[in-house]
Structures are given as C-alpha cells and as structure tokens.
Amino acid sequence: MMDRLLRINMSAEGGPMVSTVPVGVYAGLGGRALTSAVISSEVPPLAHPLGEDNKLVIAPGMLSGSVAAMSGRISVGCKSPLTGGIKEANAGGQPSQVLARLGYAALILEGKPKDGDLYKIFINKDGVKITPDNSLRMLGNYDLVEKMKGEYGDKIACISIGPAGEMKMSAASIACTDIEVRPTRHAARGGVGAVMGSKGVKVIVLDDTGMASRAPKDPEKFKAANKAFVEGLKKHSVTGEGLPTYGTNVLANVINEAGGYPTHNFLWGRFPGVSLISGETQAETEIARGGVATHGCHRGCTIRCSGIYMDKEGHYLTKQPEYETVWSHGANCGIDDLDAIAMMDRLDDDFGLDTIEMGATIGVAMEAGLARFGDAQAAINLMKEVGKGSPLGRILGNGAAVTGKVFGVERVPVVKGQALPAYDPRAIQGMGVTYATSTMGADHTAGYAVTANVLKVGGYVDPLKPEGQIELSRNLQIATAAIDSTGMCLFIAFAILDQPETFQALLDLLGSFYGNPMTGDDVTALGKKVLTMERDFNERAGFTNKQDRLPEFFKKEKLPPHDTTFQVADADLDKVYNW
Amino acid sequence: MIDPDHLYKADIGSANHLFLSLHDDFIPSFFSFLQKGFMIQAKVGCSVRSLLHDQFDISEAYMDHCIQTIFIDGKPVDDMDTTTVQDGSTLALSSAMPGLLGAALRRGGHYAPMRSQITHEKSKKTLEVKNGQMMIKLFNLTLRDLGPLFLDRGLWVEAEDLRVFFCKRSDNFWGGCSRARVDGGDVEPRQLPHFAWTGALIHLQLKAT
Chain A
1 MMDRLLRINM SAEGGPMVST VPVGVYAGLG GRALTSAVIS SEVPPLAHPL
51 GEDNKLVIAP GMLSGSVAAM SGRISVGCKS PLTGGIKEAN AGGQPSQVLA
101 RLGYAALILE GKPKDGDLYK IFINKDGVKI TPDNSLRMLG NYDLVEKMKG
151 EYGDKIACIS IGPAGEMKMS AASIACTDIE VRPTRHAARG GVGAVMGSKG
201 VKVIVLDDTG MASRAPKDPE KFKAANKAFV EGLKKHSVTG EGLPTYGTNV
251 LANVINEAGG YPTHNFLWGR FPGVSLISGE TQAETEIARG GVATHGCHRG
301 CTIRCSGIYM DKEGHYLTKQ PEYETVWSHG ANCGIDDLDA IAMMDRLDDD
351 FGLDTIEMGA TIGVAMEAGL ARFGDAQAAI NLMKEVGKGS PLGRILGNGA
401 AVTGKVFGVE RVPVVKGQAL PAYDPRAIQG MGVTYATSTM GADHTAGYAV
451 TANVLKVGGY VDPLKPEGQI ELSRNLQIAT AAIDSTGMCL FIAFAILDQP
501 ETFQALLDLL GSFYGNPMTG DDVTALGKKV LTMERDFNER AGFTNKQDRL
551 PEFFKKEKLP PHDTTFQVAD ADLDKVYNW
Chain B
1 MIDPDHLYKA DIGSANHLFL SLHDDFIPSF FSFLQKGFMI QAKVGCSVRS
51 LLHDQFDISE AYMDHCIQTI FIDGKPVDDM DTTTVQDGST LALSSAMPGL
101 LGAALRRGGH YAPMRSQITH EKSKKTLEVK NGQMMIKLFN LTLRDLGPLF
151 LDRGLWVEAE DLRVFFCKRS DNFWGGCSRA RVDGGDVEPR QLPHFAWTGA
201 LIHLQLKAT
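Chains as they are written, first to last, in my numbering: chain A, 1 to 579; chain B, 1 to 209.
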C-alpha cells in the first residue's frame, strides 16, 4: 500500500511535528501529478518560495516500490525560488523505491523551524525520527552520506542537500543516492534544494528493511505486462543498445552535427572540440580507466544509461556525467577536457547544484569576462566559489539570470529565470516552443516523451501544417506530464515512440497494478490535469503570456552554421495551452 | 574540429600511405578519427543509398534499420534515395538517438518538422556521377559497426592529429602493433610518433591481426 501522506511541520512549537494522514483527495496520484496537486491546492501562489507557507513535496511514482522495471523516479515539488512558479524536478536513484515500499505516497515538509537548527529525518518501518544535528552543517553530499552510512548502515537511501541548499541558492538541487549509496542522482532544477534548506532539513534517511515490494492487484497480468515492457525496451535500438553503450552523452556528436549544440554561451551551434567530450569518447575513457560505461541508477533499471567515471589514476571521481552536464560545463563554456567536466560534475553533486544551471551560469560569467572561454581551471575555481559561499559564489549559485543581471550580460539563456538545456531552439524550432511555454521554465524534458500519434494525445497531428510544432509541443508536454506521474524513467519514451505494443505494456502495467484498465485517453486526461493545475498556479502567482517567451536574442541573433533565428510567432506560442 | 575546407584543399596526392597491422583490440582506439571526420575518395553525384550500398558494401538491412540519422553538411536527411552526395560533401551517419531531439533528427521521422529549417533539401538538378572526395563522420553504433570497414579500406586523416595520437599511445598499444609500412617501406611501429610526414594528410590503412 502507498496510501499515506507523511506531513512534517517544521514550524511546530517544541520542534518538528510528524503526522501521518490518509492520502485522501490525492488518492491515485503519484510523482508529478501528486506534487503539483499538493502545491497547487495547498501553497498560496504568492508565498515566498523560501517562506513558511511554501511546501516541499517528495513523491514516488505510481509504480515505484513495485517490481515494475524503470519505475524508480522520484518527484520533488514546490514553489520554485528560481522561476517563481510551480516546480517539479525528478531524479533517479533508490529513494523512490524505498519511500514507496515504506508506504508513503508523499513526504511533505511544511513550515520552517524557528530555532535555526539543522535536522536529519530517519524513516523506517517503525516510524519517523527527527533529530537536530548541527554537526552536518555545510557538509558536502558525499561526506554527509558517508556519515549517514556510519550511523544507519549501508542499506539506506538518502535524500539530501549540500552547502548550496543550506545557503538557499536558487540553483540548489536535492541529491538522491544511487545503488552504491552515492549522492549522484539529483532533482536538480528550479532550486528545490533551497526550499529543503529553508525547511531546515539536511538529510532524509530511508530504510525499508522488513518491507516488501508493493503488490499489484492482478499479479499475473502485471507480471506478463512487465515482461513485455522489458522486452520492448531491450529490443529497441535506443533503449537496448545506444543508451546502454554510450549513455545520454551519445547525443553530443549528433546535436553538434545538426548545428544545435550551444557553444560559448549560445553564440554558435557547433563546438570544435566535440569529439573530445562525446559520449563515444567518454565511454572509451571510462572503460580504459577501469570504470563502467553501462550502469543503472536504480534497481530495476534495464536501460542502464549511466556509468562510473574514474580519474586518471583509476579512482572513482563521479558517476558518468550526463549529456546536459557535459554540454553545460563543456561546449557551453568552450571546455573540451572530459576530466575537468567530470570534476565539475562531482562538485555539482557534492555542493548540491543543478549542472545545467551552473554550466549556463559559468557561460554567462565567461561572457561577462570573469573567466576566459575554454579555461577549465577557471571554471572549476568559479564552482568552488559557489561551494564556499563567497559573495561571488552567492551570485553564481543563484543562476544564470541573476548572474547576467549583476554583470550586465545581454545574452542570458533563460526562460522564466531557468537556464536553457543543451539544444539551441534556433536549430530545432519545436524545442523552442516547449522551452518557452513549459510551466517549469526552460526544460528539455517537459516535452520529451511520447509520440502524439501513438498516444493519440489531442488527436492526430499533421506535421506539415504550420501550426504543427505548436501541436507537437502541446501533445508532448501532456504526455510527459503523465509519464512523470508514473515514476517511470522518461527514457522509456523511445521504445514507446516506435513500438505501440510497448506502450500497451505500460498501460497494462498501470492497469493491472491498480486493478483498473488504463487507456491512452486516461493518460491524456492525466497529463492535461497536471498541466492545468500547474498553469493555474502560475497564473495565480502572476505569470502571463509574457513569461512564455524565449529571450530576445534567439529572435535577433543568427546561429551558425545554419544562420537561423527562432521564428515561431508569439501568437502561436499562446495557443499551446488551448485545449 | 576538422575543417572540411582545409582538408579538401589539402593535396591527397602528397599524402604518405601508412599501413599498420595491429591486434584488433586496438582498432577502436582509432575511432576518435572517425567521429571527428575523415576523407575518402568515391564516386559522387549519386544517392546516399547508392554510395553506402554500392561503393561501401553496406547492406540494405543495415542502412534501413541501423542508420537512422544522416546529415549532409550538417543538415538532416530524410530520404536516402533522393538525396545526392556531391564533391566536397560531409556525410555523417548515426544510429537512432534518444530524446525528442534524437527523434526529430531521425530521417523521415514524425518529429522531422521540428527541425524543418535545417532539413537538407533535395537537389533540384541531376548531378553528374564522377570521381570526387568527401568527408565521412561516424557516430555511436555506426562507429563500432562500420569503423573497422573504413579503416580496413583506407582513409585520409590529418597528419598532425595522427602524430598527436601516436604520441599518446602506451607500451601496451605498441606491443600490439606487428608491422608498419610507410609508402611501401617497413618502419618500426614505435618510431611512428617521430616520423616526418610529408603532407598535411596521411592515408591510413589498418589491418587487424
């Protein structure tokens, strides 16, 4: 069962107060659907993101804690200190499965402590224990997790913040531990770590010893659906071969060749050093040093797109940096040194920072003249300023928009205050529609998921129609919101995209688990419901269509090599949420 | 990044020919040249499909199922049969890629309209089939699957890149090299990092042992 909400009021007199309540009106929701429902209905839209009225909601997906493959994503929701709107950031790692097996549909942190203490929360089958522990103050995530292992053993999963979260930086992430109990998986976007920091919570330690996997209502159908689902993932060339072999950074060469690989703070669409930092080179380097190029981030992952990156001496440095990270700290800053990029990935994970936001921020800082493009050591030094919390570090740790404003930079790649990921919307216009209109700020995963014509989301889209890109973005955002609610890794989308039988297997997994057959229309309805809630919250927070725009330079500056600008009309962008 | 203009202007005729026999475990170490781009001579003015199948002996099944993403001069190609390669073209081959962008760049895919502004347009005129030279880039699974074929067949790479590459090789690598010949004459493999190449390009041919 996953039928309870664990609410922890950090403002309570006498210290944090725990209440376990039935899931109530949120029954049947999971992941993003649940986090956005809680934030939308319980958080005043005009609340300060770091104030006591904001809430931090941590929710496993609908299938998390079961034996369903790929079901280990966890969603974190709040009002974002970076965008000022609703936020859902999700991560892999072990916590989703463990929290779900403990029976909680969500953990909700409310209020903020009056005493200024820093707390750790331990949750197991016997209940919840909250302890002030100021010895954890300003610990990096790696040292923190080691300390927790010393206290609670190595069968735990941790959800934690680093110094950036404690300093309430808008680029702060929330770390989730992986299979090896390392803090490498992050709910990174939108400053969710700052909200956890504002609640005075440093770490949530989860231990599901003695708890069984969540049981499906129809075990036989569930087992058959899971088998078909896994077979579908394995037989598809992307999920069965490309991603496991090279990881997400397999995209680098291809996006670069397409001229859509933002370089030198979105000045160019191609990076001369791409072959030195590509997924192909990365995998070869990892294997040569005794690392791993094919690795899952949570148990039950069959795609295994991650890896383990060793330094030149063969010692563990970080998990395999993702495509977005290699781009943000690499091409975007003119850096073609994989070891330097891996070091920055390690620092991001340790300080608790969003790698996309930090790479974009350093790119803006380089444009401002704080460092030279291509100077890897200078970039690492800037990262360390953030970790220290120096005045410069505080500026950088609050993201690209703040940094651009402080240093007078015009080319600042953000939407709703959040940095753009690694695809230039001038080369791939459809992506720009999603960047501009997503409820989350610029987010590559917001419209990432499954094909409209397989899902029949919003009807068949004629790609030849001029408004096709608006419809595509709309349908993709609906589908993604639904997938994010299941707890499934978005990478399942590739197999679903091409294989209707694999999509059917996913529907059967959900249907057999909950005992209610599910259809594509149900998925559509769920996605629309989530987006409607999010959009409504943002409107009540003061957002208008003026926030659904790309920065001006995308319309004015041509992007080499194709010399294109972003050409989707504002009036068309305003149609995305018309349904 | 390799500069196609620079390479095309380089004189292929002045390039040394390096033939290297080595253990097949070390063939993948040369893949860095293949993702960066290498020169070949071929009949140009034909379709992409004809080039890959008729001249490079790549099977129809492999082309249809594994080469899912194709670029000519950085522009995504949707139709291998109607798109022609020209003298001086850069042709990049990739398997299917993840993500929405991966789906958008896939040839003929549903999301192709998302990148319509950079899509390769079909040639309006019929081109003459003639000898030419072009650059090839291999990415991801095509690197693994087709790389050894191109290296066995022979290709041109920049001499400076090869020099730097050889300088970074370990004893283990040199221990796996059984024979090296430059322009038909035997050379001690371990001397290759110090060899005085005569041109900007080298014609490299590998033989796996």
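Calculated directly from the structure, the hints in this document are not laboratory data. Incorrect hints may have been included.
Said to hold, decoys possible - Where chain B lies over chain A, by a calculated footprint (3+ residues, C-beta under 8 Å):
1. 157-168
2. 243-251
3. 257-271
4. 382-394
5. 422-432
Everything numeric in this text was worked out from a predicted model, so none of it was measured. We put the beta carbon where it would ideally sit given N, CA and C, even for glycine.
Hints, verified against the model:
For the region 157-168 of chain A, the assignment as covered by chain B is violated, since 0 residues bring a beta-carbon within under 8 Å of that chain's beta-carbons and 3 are needed. Evaluation of the coverage hint for the region 243-251 of chain A: fulfilled, as 6 residues show C-beta separations to chain B shorter than 8 Å, against a requirement of three. Judged by the Cβ-Cβ criterion of 8 Å, the region 257-271 of chain A is covered by chain B as claimed, because 6 of its residues qualify and three suffice. With a cut-off of 8 Å between beta carbons, the region 382-394 of chain A has 0 residues touching chain B; three or more are needed, and the interface restraint is violated.
Coverage of a stretch by a chain is defined here by at least three residues with a beta carbon nearer than 8 Å to that chain's beta carbons; for the region 422-432 of chain A and chain B the count is 6, and the condition holds.
The earlier numbered hints that this structure contradicts are 1 and 4.
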